[in-house]
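Trainee: Sequence:
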Amino acid sequence: MPLKFYLDKRKNRHGEAPIRVVWSFNGDRYQTTAGISIPPQAWDESQCRVTPAAYNHKTTPTTDINEFLDNMDMAVNRLEHYARTQNASLTKPLVRKVVADLVAAGLKYPYDKEREWRKAVAERRLSTDRYFQHFRGRKYKLIGFGKDSETLEDVVIYQALYGAEHIWVRPYNIFFSKVKDESGDMVERFKEITDEVKHLA
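The opening residue of the sequence shown carries number 1 in the numbering used here; numbering runs sequentially from there.
Don't read these hints as lab results, they were simulated from the structure.
Owing to the predicted nature of the structure, the values given are computational and were not obtained by experimental measurement.
Backbone N, C-alpha and C define an ideal beta-carbon position, used for all residues, glycine too.
It is possible that some hints are incorrect.
[What the hints assert, rightly or not] Simulated DEER-style distance windows between Cβ atoms:
#, residue 1, residue 2, range
1, I157, H14, 49 to 57 Å
2, V169, R115, 27 to 35 Å
3, K92, D64, 26 to 34 Å
4, H14, V187, 36 to 44 Å
5, R189, E150, 18 to 26 Å
6, E192, T59, 42 to 50 Å
Work out the full structure: start from the sequences and follow the hints.
Mentor: Here it is as structure tokens:
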């Protein structure tokens, strides 16, 4: 799921609450602090950002805090994309390292550290074959990733494990999006499954 920021209910001795971050990847949930605390009234719940002209006790400007949150959002999206294309898993220690590197870098995005993150992810490659189940029940085999030749949009290429076993192409952002199921709950459009159940179409 996309990165989500929220304000912790607990306050420090300055009457400020820490900004926390949470996201999930392939069924694993990651949660940590962003390393910044602000006055509760300065938090915009709808935008998940700090309101204009707000400061914490360190007099950190709103623009700096929001730029840091934007960098964290970008880092997670880039890391998730790389992990998916490399068929690799993320770990909580790696997630904590990403957050720590972002905190240490301040307002500048740590592109040099991103190379280290990618190396750590690549070392955790899983089995070659990957399978997904559509939220309505059908199962598919992942063939690979590519780009639309006209729009250069990232796409997912996958094969049905039923019927004529057609090969399909779908935009990356749609394939890995969430939808409402029949009960109204938000679920993954395509959920990754183990190869032991691939034959159950």
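Trainee: Does each hint hold? Answer for all of them.
Mentor: The hints, checked one at a time:
At roughly 52 Å, the beta carbons of I157 and H14 sit within the given window of 49 to 57 Å. As the Cβ distance of V169 to R115 is approximately 30 Å, the hint placing it in 27 to 35 Å holds. Between K92 and D64 the beta carbons are some 27 Å apart, a value that agrees with the proposed interval 26 to 34 Å. The given range of 36 to 44 Å is respected by H14 and V187, whose C-beta atoms sit roughly 40 Å from each other.
Roughly 23 Å separates the CB atoms of R189 and E150, a value that falls within the hinted 18 to 26 Å. Distance hint check: the CB atoms of E192 and T59 are about 45 Å apart, consistent with the given range 42 to 50 Å.
The structure fails none of the hints (numbered hints given earlier).
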